[in-house]
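Chain by chain, the residues:
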Amino acid sequence: MNTEQLRSLALQPNASNSKGQLLDPQRLLDATDGKIDREALEALAGQSILNPRQFDRRTVVALAQLAALLETRNVEMEKPLDGKIAITAFFEASTRTRLSFESALLRLDGKVLSVPDGQVTGIAKGESLADIGEMFNTYGDIVIMRHPDTNSIEEIQKNLQRPLINAGNGSGHHPTQALIDWYALLKWRPELCRPDCPPERRIHLGIIGTPGSMRAVKSFLRLSLMFAGAVSKITLVSEMADPVGLDLTEPIEQSPIPIEVTNDVQKVLKELDVVYVNSIAFLGDSYRNLDGRYKLELASDLKPGAVVMHPLARNDELSEDLDDTDHNLYFAQAAGAVFVRQALLVSVLQRLNRISDL
Amino acid sequence: MNTEQLRSLALQPNASNSKGQLLDPQRLLDATDGKIDREALEALAGQSILNPRQFDRRTVVALAQLAALLETRNVEMEKPLDGKIAITAFFEASTRTRLSFESALLRLDGKVLSVPDGQVTGIAKGESLADIGEMFNTYGDIVIMRHPDTNSIEEIQKNLQRPLINAGNGSGHHPTQALIDWYALLKWRPELCRPDCPPERRIHLGIIGTPGSMRAVKSFLRLSLMFAGAVSKITLVSEMADPVGLDLTEPIEQSPIPIEVTNDVQKVLKELDVVYVNSIAFLGDSYRNLDGRYKLELASDLKPGAVVMHPLARNDELSEDLDDTDHNLYFAQAAGAVFVRQALLVSVLQRLNRISDL
Amino acid sequence: MNTEQLRSLALQPNASNSKGQLLDPQRLLDATDGKIDREALEALAGQSILNPRQFDRRTVVALAQLAALLETRNVEMEKPLDGKIAITAFFEASTRTRLSFESALLRLDGKVLSVPDGQVTGIAKGESLADIGEMFNTYGDIVIMRHPDTNSIEEIQKNLQRPLINAGNGSGHHPTQALIDWYALLKWRPELCRPDCPPERRIHLGIIGTPGSMRAVKSFLRLSLMFAGAVSKITLVSEMADPVGLDLTEPIEQSPIPIEVTNDVQKVLKELDVVYVNSIAFLGDSYRNLDGRYKLELASDLKPGAVVMHPLARNDELSEDLDDTDHNLYFAQAAGAVFVRQALLVSVLQRLNRISDL
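Chains as they are written, first to last, in this note's numbering: chain B, 1 to 358; chain F, 1 to 358; chain L, 1 to 358.
Next comes chain B alone, as it looks inside the complex (with noise of 0.2 Å):
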């Protein structure tokens, strides 16, 4: 891009990525000729958002085509979410989610509360989470938590009145980030949305990763088996012997998708359309890097016309050398992150109705 290209870019509203894939959402929009269903959004009135199985197909793909529809349009004049305050509490810190969220909430006029790091704040003086669910009560509107407990929603929930969005809880779950991931996925390839897309479009989806210890990959895995009309195949790519855990093996049981396991990802990985890779295990109270077998770069055996997702931040699981390539999904996926969040917001304070055209 020359200077004055640059320059311009710079000065609209939603910029997008500055490699890899660019998506465009109107695409997205125009696979349902322009209708979002709008009753699966109100169906969101006041919820908590705390786990991907309260989620349908439908619910997925109308919050994608909200999030769309944000995407290709400047509604910040409509200030949606005006006299509205969200509470960021991170217990557990994390720049790059927080300031997502908070991205979303100020440019539809929200306002926000932000604890960015609540283990080295006060609320360290002892507090029970339930105590700290009474105060957040007449403090905000919305609670957006992130917390290094899997316990902690339930905790929290005891006093909590407000809707709750679970921002990532330990070992469990991180919702909003699976919403993030089939949004991607829903831009890249529209056909996906529908429940009979053409089986030669279909994908074969490689996750590297565990998803017993790892709450993003298991929450993307949660939402990937509700659309089955769209996800030919499931490949785990793992070192573990049951990378699955508890928590996903009924739903998994019940999935008509056919699921393997594997800890060969040579073997696997020329056969994939769409490879999901995540950096960080959560494993009690530390994380675990995956180790350098599993390391996609340039010169890895992808399938050409295969996308690489990564929630991110990355570590050395996946080299900078795939960022100017066509692989590099991970890169639009991150730059959809705002108004995927946007869409829930917006869903669960009420306020669809100051979407014009919607």
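Check before you lean on any hint, since a few could be wrong.
It does not matter which identical chain is meant; a pair holds if it fits inside one copy or across any two.
DSS-like cross-link-like pairs, simulated, lysine-lysine; straight-line CA separation at most 30 Å [claimed, not checked]:
hint, residue 1, residue 2
1, Lys158, Lys19
2, Lys79, Lys158
3, Lys270, Lys19
4, Lys295, Lys158
5, Lys158, Lys303
6, Lys35, Lys158
7, Lys35, Lys303
8, Lys233, Lys303
9, Lys270, Lys79
10, Lys79, Lys233
11, Lys233, Lys35
12, Lys233, Lys158
It is worth saying that the hints were derived from the structure and are not from the lab.
Please arrange chains F and L on chain B, whose structure you already have, making use of the hints.
Chains F and L in isolation, oriented as in the chain B frame:
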């Protein structure tokens, strides 16, 4: 509550506490036939709020009633603090107090410059509070400060020309907490706001703690001394020989309210109408928890109809098994904090004229 | 000042400094008959502000005059930055600089995504600055970054497509501080903004410090070299053999301003019209304070009418006993910071048309 009720509550702008006494702010307004002493509020214009001794009974009641008005109505649309910037400078971290002020500001369309933890950020380069006060002059319209040093108020005021709200200074004072405490008491028993409260409705107030070294307790006691027509007796429960400290010796001597000191909580407990407890003693640079003898719980010998107050956060001195009982006034107390701080900010920043029907 | 005056000041939107020189911004506007070089400001649209060398005298004067216009008027109601989001990404904490930018943004109705301390929050998971830049593309409209590494600018710009304002990069530059410094000088002596400043009004400028390793001093010196018609001589006071460093060797050689280096502050002090002092030398990863010989205080042999500048925060090198004297230009210098940053943000974000009478 069923799901429908919870959802409806969650979308109300002014949710209340989840458990314990539910207080109706309208009753406090009715106690003076809806009339609020506007002159008393106007006298706060441009004033720093440093020490409860600068208030009188009349001002405390007026602020409580403005808080009640704000709690009963949805004044956000009037944007009373539009264009005003507050600096929340917490040199001692306190997420509860900081977010309470910030919520009060954002709800009324004020703006916030937040210093969540002055001890760990750049201010630590060794800058004096006097220089920090000078810096704040052009950054905001009002400064809300918490600091571990008692003399921090004096230091920052060397150059600061903006109104300063003391949100806790070492073992000094915490005047807004005391206002919040009395807001809860006045909502709970509105007759207490009258100079001629009937004798049988007056309260025997017990304070467990050491006002001399605990700023919240000290400020609450200081304010309580102004309510001679409402408080029949005050009993201090403390293991210290002189729990009161130099600050309050004179006001106590001048007050007509009889004051007793004991270290036997069991003996006095069943006579108290209101029991104020606090967990944290500020002794020099460290905190000290109260010992186990003073723990309040369901099994404690509380008088029927008595209420328990606590500025929160709590430790072991106040058991969660009281949460679901009518003794629990502490949740209602916390739920009033945002409205009291709104009332104060609107008065100090001279925006009373933005509140319609005042 | 009496209480009434203090209160009235406290409720003005644009309060000034409390001590030392009180500068009237109107005098700077009058110096060019109120005409501001709008073309120079428009050339900043969409530009990143990385290094003072990208400015020229004309642009510095235009920005200073826009700052003066903003300081004399109450433009908040025009909401010039309405709908714009800035990310303040401080990987090296600096409460002073961060709050100054954030105050500038909030006053003009812009919004802020704040990263108060990038070193202690989630970014620390090892994410590259290139990936962080990519993330910021969809989060905000402009990025304001401070970073301990000099090459951080280059790193984040690998993917960042939004304008970037350098708020200090290692031993590199701090261009907005230099603009603030010159804003104070031009308000103090408005003739300095003219290419034909009368010789007797030109200044002999002394800089105590090592521009090669101190970014604020380096940027101030770089900008000062553009004012050949206003600066009669520059004297660098430093204990280093070559205090200038590679960056500025060429601009100094090309400048018509005579430059002298000495390590004897006492000898030169009484000849200086302006003494610029700074406390902090950035040497690798650590800071080094200047030694005691360079301390300025009331007893120092300052020329009558001379002014002392300091970017603050200060340590022992600048005594508080100068605060109450007319030598104190540093408080006025700090008081102008918000307005200079406003002028820059309005220009870069293309909102000059929102400022009426410009």
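Results of checking the hints against the structure:
1. When the C-alpha separation of Lys158 and Lys19 is checked against a cutoff of 30 Å, the pair qualifies only between copies, where the shortest distance is 10 Å, while the shortest distance within a copy is 45 Å.
2. Taking identical chains as interchangeable, the C-alpha atoms of Lys79 and Lys158 are never at most 30 Å apart, the minima being 33 Å within one chain and 33 Å between chains.
3. In the homo-oligomer, the alpha carbons of Lys270 and Lys19 lie at most 30 Å apart inside one protomer (23 Å), although the nearest pairing across protomers, at 58 Å, exceeds that limit.
4. Taking identical chains as interchangeable, the C-alpha atoms of Lys295 and Lys158 lie at most 30 Å apart only when they sit on different chains, with a minimum of 23 Å there against 42 Å within one chain.
5. Proximity of Lys158 and Lys303 under a CA criterion of 30 Å is satisfied inter-copy only: 27 Å between copies versus 49 Å inside one chain copy.
6. Taking the shortest alpha-carbon separations for Lys35 and Lys158, neither the intra-copy value of 39 Å nor the inter-copy value of 38 Å comes in at or below 30 Å.
7. In this assembly of identical chains, Lys35 and Lys303 lie within 30 Å of each other by CA distance neither inside one copy nor across copies; the values are 34 Å within and 63 Å between.
8. Only within a single protomer do Lys233 and Lys303 lie at most 30 Å apart by alpha-carbon distance; the minimum there is 15 Å, versus 67 Å between protomers.
9. Taking identical chains as interchangeable, the C-alpha atoms of Lys270 and Lys79 are never at most 30 Å apart, the minima being 46 Å within one chain and 55 Å between chains.
10. When the C-alpha separation of Lys79 and Lys233 is checked against a cutoff of 30 Å, the pair qualifies neither within a copy, at 42 Å, nor between copies, at 53 Å.
11. In the homo-oligomer, the alpha carbons of Lys233 and Lys35 lie at most 30 Å apart inside one protomer (29 Å), although the nearest pairing across protomers, at 69 Å, exceeds that limit.
12. Taking the shortest alpha-carbon separations for Lys233 and Lys158, neither the intra-copy value of 40 Å nor the inter-copy value of 37 Å comes in at or below 30 Å.
Violation of the numbered hints given earlier is confined to hints 2, 6, 7, 9, 10 and 12; the remaining hints are satisfied by the structure.
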